[in-house]
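*Asks:* This is what each chain is made of:
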Amino acid sequence: NAGVTQTPKFQVLKTGQSMTLQCAQDMNHNSMYWYRQDPGMGLRLIYYSASEGTTDKGEVPNGYNVSRLNKREFSLRLESAAPSQTSVYFCASKRTQSNQPQHFGDGTRLSIL
Amino acid sequence: GENVEQHPSTLSVQEGDSAVIKCTYSDSASNYFPWYKQELGKRPQLIIDIRSNVGEKKDQRIAVTLNKTAKHFSLHITETQPEDSAVYFCAAVEGAAGNKLTFGGGTRVLVKP
Numbered sequence: 018n019a020g021v022t023q024t025p026k027f028q029v030l031k032t033g034q035s036m037t038l039q040c041a042q043d044m045n046h047n048s049m050y051w052y053r054q055d056p057g058m059g060l061r062l063i064y065y066s067a068s069e070g071t072t073d074k075g076e077v078p079n080g081y082n083v084s085r086l087n088k089r090e091f092s093l094r095l096e097s098a099a100p101s102q103t104s105v106y107f108c109a110s111k112r113t114q115s116n117q118p119q120h121f122g123d124g125t126r127l128s129i130l
Numbered sequence: 028g029e030n031v032e033q034h035p036s037t038l039s040v041q042e043g044d045s046a047v048i049k050c051t052y053s054d055s056a057s058n059y060f061p062w063y064k065q066e067l068g069k070r071p072q073l074i075i076d077i078r079s080n081v082g083e084k085k086d087q088r089i090a091v092t093l094n095k096t097a098k099h100f101s102l103h104i105t106e107t108q109p110e111d112s113a114v115y116f117c118a119a120v121e122g123a124a125g126n127k128l129t130f131g132g133g134t135r136v137l138v139k140p
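In order, the protein sequence lines correspond to chains G and V. With the working numbering applied, the first sequence covers 18 to 130. With the working numbering applied, the second sequence covers 28 to 140.
Rather than coming from a laboratory, the hints here were simulated on the basis of the structure. Note that the Cβ used here is the ideal one computed from N, Cα and C, for glycine as well. Some hints could be false.
Said to hold, decoys possible - SDA-like cross-link-like pairs, simulated, lysine to any residue; straight-line CA separation at most 25 Å:
| id | chain 1 | residue 1 | chain 2 | residue 2 |
| --- | --- | --- | --- | --- |
| 1 | V | K69 | V | V81 |
| 2 | V | K69 | G | R61 |
| 3 | V | K49 | G | R94 |
| 4 | V | K64 | G | P56 |
| 5 | V | K69 | G | T37 |
| 6 | G | K31 | V | H34 |
| 7 | V | K98 | V | G68 |
| 8 | V | K69 | G | G70 |
| 9 | V | K98 | G | Q39 |
| 10 | V | K69 | G | P100 |
| 11 | V | K64 | G | K31 |
| 12 | V | K64 | G | Q117 |
| 13 | V | K95 | V | G68 |
| 14 | G | K74 | V | Q41 |
| 15 | V | K98 | V | V81 |
| 16 | V | K49 | G | S115 |
| 17 | V | K98 | V | N58 |
| 18 | V | K64 | G | T32 |
| 19 | V | K64 | G | G59 |
| 20 | V | K98 | G | R61 |
| 21 | G | K26 | V | L38 |
| 22 | G | K88 | V | L38 |
| 23 | V | K64 | G | Q114 |
| 24 | V | K69 | G | I129 |
| 25 | V | K49 | G | G20 |
| 26 | V | K69 | G | G20 |
| 27 | V | K139 | V | N126 |
| 28 | V | K64 | G | Q39 |
| 29 | V | K84 | G | R112 |
| 30 | G | K88 | V | Q72 |
| 31 | V | K84 | V | G68 |
| 32 | V | K139 | G | Q39 |
| 33 | V | K85 | V | E42 |
| 34 | V | K49 | G | G59 |
| 35 | V | K69 | G | G33 |
To be verified - Pulled from the structure, derived: some chain G residues nowhere near chain V, Cβ distances all over 10 Å:
| id | residue |
| --- | --- |
| 36 | S48 |
| 37 | M58 |
| 38 | G59 |
| 39 | L60 |
| 40 | R85 |
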């Protein structure tokens, strides 16, 4: 099992460009999450999908959109990238049952110039 | 929503000593509290978690305690080793549904040989 796989691992964009970050999990988890982590800081939730077909905003959703493509895949889109979106983006997934741990991918390091 | 505060932000200990990290949370309905370790440039990895039906849990050199009345929980690392050097994050689930985690700001632990 690969767990949670994120692509790409690194990306540099220019201001105003668009990009989609991909996330896939092979653990048959129902819930999936997107976080951003700025240097020296904690994890802030951007969007999540409690189950296939549903998505909800987290703490910092502005400037992002998500798509839950199927049970395995949850993508994050930046429509018009801004320097303030320079960050490390982590995808995570967990089982449906409450009080289960989230499992993280290796992250995408995104720089916007 | 949930608010999680974590202290201290940095902690330097001598190899072999103990390290303690404390977190407080605001949502009295929270009932699941995971701890993650993040090494430099890596993903957060679950090291231990505790559910509200127990007050303490131990796994080798790591233990977590929970005080639901006071709404705080702590991570204890005994006999610290250089490989324990990392950033540690506490988290609390929002509400009883358990779909979202709120993370503390992190503690950077440095174990000096």
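*Asks:* Taking 25 Å as the top limit, are the C-alpha atoms of V/K84 and G/R112 close enough?
*Replies:* Satisfied, since the Cα-Cα distance of roughly 22 Å is no more than 25 Å.
*Asks:* Is G/K88 close enough to V/L38, meaning Cα to Cα at most 25 Å?
*Replies:* Violated, at roughly 40 Å.
*Asks:* Run the distance test for V/K84 versus V/G68: straight-line Cα separation, threshold 25 Å.
*Replies:* Given that 25 Å is the threshold and the Cα spacing comes to 28 Å, the pair is violated.
*Asks:* Taking 10 Å as the cut and beta carbons as the points, is G/S48 off the interface with chain V?
*Replies:* For G/S48, whose nearest Cβ neighbour in chain V is about 6 Å away, the distance does not exceed 10 Å, so it is violated.
*Asks:* Holds or violated: are the alpha carbons of V/K139 and V/N126 at most 25 Å from each other?
*Replies:* 38 Å, violated
*Asks:* Run the distance test for V/K98 versus V/N58: straight-line Cα separation, threshold 25 Å.
*Replies:* Given that 25 Å is the threshold and the Cα spacing comes to 10 Å, the pair holds.
*Asks:* Would the hint linking V/K64 and G/G59 be met if the CA-CA limit is 25 Å?
*Replies:* 12 Å, holds
*Asks:* Mind checking the alpha carbons of V/K64 and G/Q39 for me, to see if they're no more than 25 Å apart?
*Replies:* Measuring from Cα to Cα gives roughly 24 Å; hence the hint holds.
*Asks:* The output says G/L60 does not contact chain V. Does that hold with a beta carbon cutoff of 10 Å?
*Replies:* Not fine: 5 Å to the nearest Cβ puts G/L60 too close to chain V.
*Asks:* Going by Cβ atoms, does G/R85 stay more than 10 Å from chain V at every point?
*Replies:* Given that every Cβ of chain V is farther than 10 Å from that of G/R85, nearest at about 14 Å, it holds.
*Asks:* Would you mind confirming whether the straight-line C-alpha gap from V/K69 to G/R61 stays at or under 25 Å?
*Replies:* With a Cα-Cα distance of about 17 Å, the restraint between V/K69 and G/R61 holds, given a limit of 25 Å.
*Asks:* Say whether it holds or is violated: G/G59 keeps its Cβ farther than 10 Å from all Cβ of chain V.
*Replies:* 5 Å, violated
Hint compliance for this structure: hints 1, 3, 6, 7, 8, 9, 11, 13, 14, 18, 21, 22, 25, 27, 31, 32, 35, 36, 37, 38, 39 are broken, all remaining hints hold.
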